[in-house]
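Protein chains: 2
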Amino acid sequence: MNDFWSGAGVDLHLEPDPADGRRSGLERALRDAVRDGRLAPGTRLPATRRLAADLGVSRGTAKAAYDQLVAEGYLTARQGSGTRVAALPPTPGAEAPRADARTGAPRFDLRPGSPDVGAFPVAAWLRALRRAIATAPSPAYDYGDPRGRIELRTALSGYLGRARGVLAPPERIVITSGYVQGLALLTRVLDGAAVAMEDPGLPFHQEVVRRNGKTVVPVPVDAHGIRAGALGEAAAVVVTPAHQYPTGVTLHPERRRAIGDWARARGGIVVEDDYDGEFRYDRQPVGALQGMAPGQVVYLGTASKTLGPALRLGWMVLPAHLVDAVADAKLHSDHHTETIGQLALAELIDSHAYDRHVRACRLRYRRRRDRLLDRLGPRPGVRGIAAGLHALIEVDDEAEALARAEAEGLAVGALGDHWHSPRPGRPQGLVVGYGTPRERAYPQALEALAKVLEGE
Amino acid sequence: MNDFWSGAGVDLHLEPDPADGRRSGLERALRDAVRDGRLAPGTRLPATRRLAADLGVSRGTAKAAYDQLVAEGYLTARQGSGTRVAALPPTPGAEAPRADARTGAPRFDLRPGSPDVGAFPVAAWLRALRRAIATAPSPAYDYGDPRGRIELRTALSGYLGRARGVLAPPERIVITSGYVQGLALLTRVLDGAAVAMEDPGLPFHQEVVRRNGKTVVPVPVDAHGIRAGALGEAAAVVVTPAHQYPTGVTLHPERRRAIGDWARARGGIVVEDDYDGEFRYDRQPVGALQGMAPGQVVYLGTASKTLGPALRLGWMVLPAHLVDAVADAKLHSDHHTETIGQLALAELIDSHAYDRHVRACRLRYRRRRDRLLDRLGPRPGVRGIAAGLHALIEVDDEAEALARAEAEGLAVGALGDHWHSPRPGRPQGLVVGYGTPRERAYPQALEALAKVLEGE
Numbered sequence: 001m002n003d004f005w006s007g008a009g010v011d012l013h014l015e016p017d018p019a020d021g022r023r024s025g026l027e028r029a030l031r032d033a034v035r036d037g038r039l040a041p042g043t044r045l046p047a048t049r050r051l052a053a054d055l056g057v058s059r060g061t062a063k064a065a066y067d068q069l070v071a072e073g074y075l076t077a078r079q080g081s082g083t084r085v086a087a088l089p090p091t092p093g094a095e096a097p098r099a100d101a102r103t104g105a106p107r108f109d110l111r112p113g114s115p116d117v118g119a120f121p122v123a124a125w126l127r128a129l130r131r132a133i134a135t136a137p138s139p140a141y142d143y144g145d146p147r148g149r150i151e152l153r154t155a156l157s158g159y160l161g162r163a164r165g166v167l168a169p170p171e172r173i174v175i176t177s178g179y180v181q182g183l184a185l186l187t188r189v190l191d192g193a194a195v196a197m198e199d200p201g202l203p204f205h206q207e208v209v210r211r212n213g214k215t216v217v218p219v220p221v222d223a224h225g226i227r228a229g230a231l232g233e234a235a236a237v238v239v240t241p242a243h244q245y246p247t248g249v250t251l252h253p254e255r256r257r258a259i260g261d262w263a264r265a266r267g268g269i270v271v272e273d274d275y276d277g278e279f280r281y282d283r284q285p286v287g288a289l290q291g292m293a294p295g296q297v298v299y300l301g302t303a304s305k306t307l308g309p310a311l312r313l314g315w316m317v318l319p320a321h322l323v324d325a326v327a328d329a330k331l332h333s334d335h336h337t338e339t340i341g342q343l344a345l346a347e348l349i350d351s352h353a354y355d356r357h358v359r360a361c362r363l364r365y366r367r368r369r370d371r372l373l374d375r376l377g378p379r380p381g382v383r384g385i386a387a388g389l390h391a392l393i394e395v396d397d398e399a400e401a402l403a404r405a406e407a408e409g410l411a412v413g414a415l416g417d418h419w420h421s422p423r424p425g426r427p428q429g430l431v432v433g434y435g436t437p438r439e440r441a442y443p444q445a446l447e448a449l450a451k452v453l454e455g456e
Numbered sequence: 001m002n003d004f005w006s007g008a009g010v011d012l013h014l015e016p017d018p019a020d021g022r023r024s025g026l027e028r029a030l031r032d033a034v035r036d037g038r039l040a041p042g043t044r045l046p047a048t049r050r051l052a053a054d055l056g057v058s059r060g061t062a063k064a065a066y067d068q069l070v071a072e073g074y075l076t077a078r079q080g081s082g083t084r085v086a087a088l089p090p091t092p093g094a095e096a097p098r099a100d101a102r103t104g105a106p107r108f109d110l111r112p113g114s115p116d117v118g119a120f121p122v123a124a125w126l127r128a129l130r131r132a133i134a135t136a137p138s139p140a141y142d143y144g145d146p147r148g149r150i151e152l153r154t155a156l157s158g159y160l161g162r163a164r165g166v167l168a169p170p171e172r173i174v175i176t177s178g179y180v181q182g183l184a185l186l187t188r189v190l191d192g193a194a195v196a197m198e199d200p201g202l203p204f205h206q207e208v209v210r211r212n213g214k215t216v217v218p219v220p221v222d223a224h225g226i227r228a229g230a231l232g233e234a235a236a237v238v239v240t241p242a243h244q245y246p247t248g249v250t251l252h253p254e255r256r257r258a259i260g261d262w263a264r265a266r267g268g269i270v271v272e273d274d275y276d277g278e279f280r281y282d283r284q285p286v287g288a289l290q291g292m293a294p295g296q297v298v299y300l301g302t303a304s305k306t307l308g309p310a311l312r313l314g315w316m317v318l319p320a321h322l323v324d325a326v327a328d329a330k331l332h333s334d335h336h337t338e339t340i341g342q343l344a345l346a347e348l349i350d351s352h353a354y355d356r357h358v359r360a361c362r363l364r365y366r367r368r369r370d371r372l373l374d375r376l377g378p379r380p381g382v383r384g385i386a387a388g389l390h391a392l393i394e395v396d397d398e399a400e401a402l403a404r405a406e407a408e409g410l411a412v413g414a415l416g417d418h419w420h421s422p423r424p425g426r427p428q429g430l431v432v433g434y435g436t437p438r439e440r441a442y443p444q445a446l447e448a449l450a451k452v453l454e455g456e
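Top to bottom, those sequences are chains A and B.
If you're matching positions, the first sequence starts at 1 in this note's numbering and goes up one per residue.
If you're matching positions, the second sequence starts at 1 in this note's numbering and goes up one per residue.
For the record, the hints were derived by calculation from the structure and aren't laboratory data.
Keep in mind it's a predicted model, so treat the numbers as computed, not measured.
A virtual CB, placed ideally from N, CA and C, is assigned to each residue, including glycine.
Heads up, a few of these hints could be off.
Said to hold, decoys possible - Cβ-Cβ distance ranges computed for the label pairs, FRET-style:
(1) 193(B) x 215(A): 19 to 29 Å
(2) 264(B) x 77(A): 51 to 61 Å
(3) 377(A) x 158(B): 49 to 59 Å
(4) 213(B) x 79(A): 49 to 59 Å
(5) 193(A) x 320(B): 51 to 61 Å
(6) 320(B) x 229(A): 42 to 52 Å
What the hints assert, rightly or not - Sample of chain A residues with no beta-carbon within 10 Å of chain B, all distances over it, derived:
(7) 34
(8) 73
(9) 113
(10) 118
(11) 135
(12) 137
(13) 140
(14) 142
(15) 163
(16) 167
(17) 222
(18) 227
(19) 266
(20) 341
(21) 399
(22) 408
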């Protein structure tokens, strides 16, 4: 471990792998530091002479490593201003508009909401892009169908049917730029004034509904999921049946039936947010609600958890009577979703590379979930561990636990941020996301979490 | 010329280039027919035996050509249902939500609104994507800044300054999913009830403003552009100063000043739609209005005309006081625009491949413009020919001219579709887009246009 350029104003520790050579070890350590955000954009690096002296390598080795990283785009070299870290993005999650976002980059990050973006299938996605571009006819570069490309809708139709039990003919699918856009478009075309939403739930999604002209009615979630009897007169209800966010509850079969009955009796719309339905670990996945009531349910899925949020690819499966209205709202919002990413995702699904990737991720996340449970030991009040990328851990005093987490440099979600209206006496807990941390950083993050929980 | 499979229910003429070999000539002719939309998706092709007999080639040659096109994705082969044209998009423009869209695919297409998508720089875009993905750090695949990637905002800042005279610091830029989204987001955050828009103008854009909660006030356009004196109490005015749509007028310098004065005096916002500002043919480009009044003007640009609408990439340059509100509206609409396309466009601009492509397009469109003028001869009432991808051709009787065009199989735009409220006595004309037709089809399209105009 060398803190070799504290003299350059940067406090950085590098851990070059002894298995790498001198030059490639240095390259890799620098690359990781930039990728991880430890070396901030614009940071000036020491001169090669200084670096070589500090590290005990030749100046030629130091220069070669800098040159390589300049060529790769991580660093920039300009006459007069030396070698600097290129303008690159902030650390993962720091910009994600999660209610529990803290300022600054935490040492350990167990905030929920993002997948392991280090697992993005770079090579497979590039292959799919190349193939999509090679076979796209010229008109594919013009304006397209506001519902999205028929290639992707056809591929999703098959995938959603077999993987999620969704009845999804291509003509009932609308491709969106992620989940939030789907929720926004749907909110705009719904008749009625109020949308029922789970309490606790994600405040960001409640705000999206409000911005699009509807009021939000909170409906309590208990150990069986949303209380279907409390839906009342709402025009629609938004639910996360496979893995409720943030409590992790799976909607009970009786509740599923009751929601379907409510929708049929009142003409209400059930909006199914299937944000992490692909990830279920201990038994058969729970099929989508939509398969039970395709005429009442709008199914919303996304590539944000399976591939990466950056792609901004989502899909809606709609009852027939809503398709034209949603497509029209999409047209007047942004014409249609970007075409090349749609064609690439269709390629990925048709070639089964998407299934392979999802399976590999499921294994990885399951191992992470198991390590979390191992480290916590036999602790009561750990919820939602059968699926998804997060768990709810009940605590006696949420504020105290959060203060201890902050002292440990650990960022986690707080259940308290998810109530529509906070009140004394609510259950208290930490919302722990295990998708985000990079593989190497995960054990230390778990240690920090254990320390926080042992402090109770 | 072989109409070799009329027997298969398809009336198709192929023109294989004698310079190609038998097999590759057949492949190319088939590929072009699918790309051009002459062979519709789902069309069943004749059996190889039939094809070989009709064309006088060996059955092996016919089979090899089919196999190649199946491998490329143009055709599909399934046991029992034979070889068919793969599910591909409709002909260019047919789905573009232009007011003048006709049903069915016209023989000749001179509708305005789209660029020559046959000129999309496939190889350069793929290179840029590859480089973007190779250098993107992992966090680039997570949620990002609602304003867009800093790499692209930085690249645009330089490009817009030098190419369009726009004062565009990266922190005042918001990347959008095309022009329409920029207009929608801005409309939502504007104070006031009314937005002034050019009359004639694009009805689709007026509808976008209405959908986002504002009323539209028509302001007449004359030979000097929009009548600045008629702006009145509107919260904002949307203008196309470089090349008014659809009249092609360039906003007169005095009007530019008057609009700036109106904005400063009333606190109004000027929305500059610079949709084809890159394409000016006979003299120096007219700089953007924004450069004169960066505190009052929202500048909207797009890659839809320079690269292709399918990318859904646009940008807003905002006065400082609007940046946060627009970024917040973007966040609640779709988080942010898809990341990989943004990084690729930044690559394209930084490597100057974007400039080279724009220059090459400008030459091509200028030649097309010249051929249009040559074919029309010394005709009065041809407007807007100094710039852009369309011209306005005045006619005595628009309805009659459109009827003649329809009889010729020629699709063109109609000035009459662009008035806020049609009235007798309005000027009449055809809006002729010369960006859309493929290079080979252009001369015939011009002949059809000349015939229509000679019929007066």
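Legend entry - Check on residue 167(A) being off the interface with chain B, judged by Cβ distance over 10 Å: Consistent with the label, residue 167(A) stays out of reach of chain B, its closest Cβ about 20 Å off (over 10 Å).
Inset, instruction - Note whether the CB distance of residue 377(A) and residue 158(B) lies within 49 to 59 Å or breaks it. - result: Because 56 Å falls inside the window, the suggested range holds.
Inset, instruction - Please confirm whether residue 113(A) is truly not at the interface, meaning its C-beta sits more than 10 Å away from all C-beta atoms of chain B. - result: The claim breaks: residue 113(A) does not keep its Cβ more than 10 Å from every Cβ of chain B (closest is about 8 Å).
Inset, instruction - With respect to the beta-carbon atoms only, verify the hint that residue 213(B) and residue 79(A) lie 49 to 59 Å apart. - result: Distance hint for residue 213(B), residue 79(A) holds at roughly 52 Å.
Legend entry - 10 Å Cβ clearance of residue 266(A) from chain B: holds, 27 Å
Inset, instruction - Taking the shortest Cβ-to-Cβ distance between residue 135(A) and chain B, state whether it exceeds 10 Å. - result: violated, 3 Å
Inset, instruction - Evaluate the given range 42 to 52 Å for the C-beta pair formed by residue 320(B) and residue 229(A). - result: Once the Cβ atoms are compared, 51 Å apart, the range 42 to 52 Å for residue 229(A) and residue 320(B) holds.
Inset, instruction - Take a quick look at residue 142(A) and tell me if its Cβ sits farther than 10 Å from every Cβ on chain B, holds or violated. - result: violated, 5 Å
Legend entry - Reported absence of residue 341(A) from the contact zone with chain B (all CB gaps over 10 Å): Violated: least Cβ distance 6 Å, not greater than 10 Å.
Legend entry - Status of the stated non-contact between residue 222(A) and chain B (beta carbon gap over 10 Å): Per Cβ check, residue 222(A) is outside 10 Å of chain B; nearest 29 Å; holds.
Inset, instruction - Would you assess whether residue 118(A), listed as outside the interface, keeps its beta-carbon beyond 10 Å of every beta-carbon in chain B? - result: violated, 5 Å
Inset, instruction - With 10 Å as the threshold, tell me whether residue 163(A) passes as away from chain B on beta-carbon distances. - result: Check passes; 21 Å lies beyond 10 Å.
Violated hints, in rising order: 2, 5, 7, 8, 9, 10, 11, 12, 13, 14 and 20; the structure is consistent with all others.
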